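Listed below, chain by chain, are the residues.
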Amino acid sequence: MHRILVDTVIFFNDFVLVYFLALNATYLFLFLVSLIEVLKFVKRTFFSDYQHILASDLTWPISILVPAHNEEKSIVETVRSLQMVNYGEFEVVVVNDGSTDRTLKSLIDAFELRRLDKVYRRSIPTKEIRGLYGNLMMPHLIVIDKVKGGKSDALNAGINVARFPLFCSVDADSIIEDNALLRVVKPFMEHPTEMVAVGGIVRIANGCAVHEGRVTDIRLPDNPLPVFQVVEYLRAFLTGRIGWSVMRSLLIISGAFGLYKKSEVIEIGGYDSTSDTEDLELVVRLHENCRRKKKPYRIVFVPDPVCWTEVPTNLRVLIRQRNRWHRGLLQSLWRHKAMLFNPSFGIVGAVAFPYFLFFETLGPFVEILGYLVVTISAIVGIINWEFFFLFFALAVFYGVFLSIAAILLEELSFRRYPGWLDLTKLVVFGVIENFGYRQILSLCKVQAFWQFLTNSRGWGDMERGGFRKRGTAASPAP
Amino acid sequence: MTDVDLLSTEAVYELIVQVLWIVTTFFLGMLLLIIINKAWRESREGFSSRRRRELEPGLFKYVMSTEPVGAFLPPGTGERDWPVIEQIFFDLLRVARGNVSARAREAFEGLGIVDHYLVRLESRRWWQRADAAEKLGLMGSEKATQSLIARMSDPMPEVRVRAAQALGGIGTVESLRPLVAALRDSGRWSAIRVAGMLIGAGDDAVDVLLEEFDRLPAHAKISAIDIFGRIKSLRASKLLRQLLVAPEADLRARAAYALGMIGDPTAAGVLSACLHDKEWSVRAMAAKALGRLRESESIPALAETLADPQWWVRSNAAEALKSKGGAGQEALLRTLDSDDPYAAQQSVQMLQESGVLDAFVGMLTSTVAGEQTRALGVMAKLVKLRRIDLLTEVARDHPDRMIRQRLATLLGLPAPSA
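Line order of the protein sequences matches chains A and B. Residue numbering for the first sequence follows our numbering, beginning at 1 and increasing consecutively. Residue numbering for the second sequence follows our numbering, beginning at 1001 and increasing consecutively.
Don't read these hints as lab results, they were simulated from the structure. None of the values given here were measured: they were computed from a predicted structure. C-beta: ideal position from N, C-alpha, C; glycine also.
With a Cα cut of at most 25 angstroms, we get these calculated SDA-like pairs of lysine to any residue: (1) B:1038 with A:432; (2) A:293 with A:338; (3) A:148 with B:1392; (4) A:294 with A:336; (5) A:43 with B:1038; (6) A:40 with B:1124; (7) A:73 with A:140; (8) A:337 with A:247; (9) A:425 with B:1028; (10) A:105 with B:1392; (11) B:1038 with A:431; (12) B:1143 with B:1090; (13) B:1278 with A:263; (14) A:425 with B:1024; (15) A:127 with B:1389; (16) A:262 with B:1319.
Stretches of chain B that chain A covers, calculated by requiring three or more beta carbons in the stretch to come under 8 angstroms of a beta carbon on chain A: (17) 1011 to 1024; (18) 1027 to 1034; (19) 1349 to 1355.
Generate coordinates for the entire structure from the input sequences, incorporating the hints supplied.
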């Protein structure tokens, strides 16, 4: 019995080591692909391109969809900031998704809206639309008032009413930079028939100063939790998504900021309101549809259109958010399990799906169990302590290496954090996130797996500290 | 320790140590790279801003004078200052034209910056060639024309299109043919940038495009048609009318749209005929085009099109009628009686958007003979069509109590409070 137990533990330790090396080799590969792509991207980006997009009548117009549920504090400022975006022809479609506060009233008062008997095509079924509001002097602003159906349902209602061939989903509490639309539309200009969706980078606004809907001073927050997330976002966007995008198997476009071809989204029935992560599910379905129909298509990530958003400042909310994200990933993997290792889905089925299944889904289990088993193995003498410390040092250094790699990419390309202090802080947090933060997120993913099995759902509320106004010191969020 | 302890064997131990060393070395290397990169960039930025402060006053004096640029530069100014000098002039050119651009051009040529970019135009790296083409275009030096024309056959599309743009920026007539040739590049992105240049060239570009049109591939023909529309040149009208019966639906649709952009009212007849085209995209574009023409001949055909089976065609026809002023609005009002609910609903939306329904609401208390009755008739039609969102709001919020009262009665709402 003792022999079997020891053999099992040793086998598991070997497995953890091999798994760990395979996972990090994949991360390293993604980093190298991203590094090459970022350097190429910086070289081939000419400022004049954006001036052409802005000035040209041939640039595709965009409908900006803003789903809003109980956003009375920020919605007017958000709409005003979106109306000032630097782009040729666009409209802003705000969807009031059954708010119980004064979201609709604030919009009506601020923009002098009236109810309109507007005709639109109901391409995707949604919950009942109670009314459409507009101002004849502002034909590019439409407000939809509807019965609560969730974010997906609100976006689907927005798609029905939107007039333009491209739509951009933007969270009501996010800020998109002036030139973000010009940048995110460029891939559609380059490959108009093939391009289906383009994702932009999401950056963390906690700690930054905001004035009249614009980020005016970029700084890292004082609260450590958002700083960990800054490092994490840099890693996820600059190494993860760029790498997957280069390999034409990008599965995630952040719901906070993405640009889609409307006809393609309507073809698959719009957003799926039964998923916990409607953005991931939409992109997976777009891949599936295009691959099934053997259409040449592209879904890409562009690293410089920037959307600023607030992230959780307390652990409880962060855990809830990550829990939902991971549950959504599991739902999508399960729903589209037919794509796994299926050659008809190309690299998405052959590489991206297995990666998400074996590394993103199983990774947290292996990590948590690995910590436990390696520790116990050392305590009971199955492995020696020297090996134990080497193992942990390797795990930590590899994590640090990946974080620093992402910071290096940021420094070589976009350099959004200008000060030495912020840079030092990023490096330091890139190191210390490996002592606790990473493990907490892994535990949270294990919990999400359990909830997925027991079919628990829910979004929870995102508590926001609000953006720092210009001229005030960066203050820790509550 | 047990004898089966694989993880503590020497080989695995060694492997981990080696991996650890490699990772640590990479980590320190990257850290160093971050620091060096940031320090180097900041020192370069510091140098640029300092030199800009030193060079700017002299260069501003230079553009206002007739002396050569060398007389206005401080001693020690060399090649490393060229990026700063370039930037100062490019910034100036954004806000100034005429003599300033001529003087900037002279400076670029006099200092050898144009020659520097002409050499760079032959670089092995495509982005350097593209950058050189772009800069030469901004500098506007005619000296670069032949080299840029040669670059129009560069293997990289990005270089070709930037050379084409540069030629457009230089603005010589001989640059038009290479620009039209650049329309052959298949990317829409290339087409957009080249089209911008050709549109800027105006009628000269139309002549070259008309000459070349039959020889262009299909996608370039579409770009050319768009350019005709945006230049609004009547010279292209004849070709566009011919294209309305082309076998390719896309060409017909684009030609219809371009005729609308040109705004030639004599095209109303041929465009009205397109409202019966078998392809909905052509009908939709014809309706849109008719909305841009200042004529009323097409109103009956547009009113008929409000019953088209395709939503976009109906929508465009309704928009077109809205833009036709009084006669179009009358047609929309007549459509409120239509048996086709879609046509009627489109009409309601257009009447709302053009402010006609608000005017009718105002007439509910009019003392002019017949106005009140007419307004009540229109309101009754809206109630029948159940397009009452706006009326309900007006019945609640209108400042005139009498109007609120009348609407409440029509809508079956409780009487308004005083």
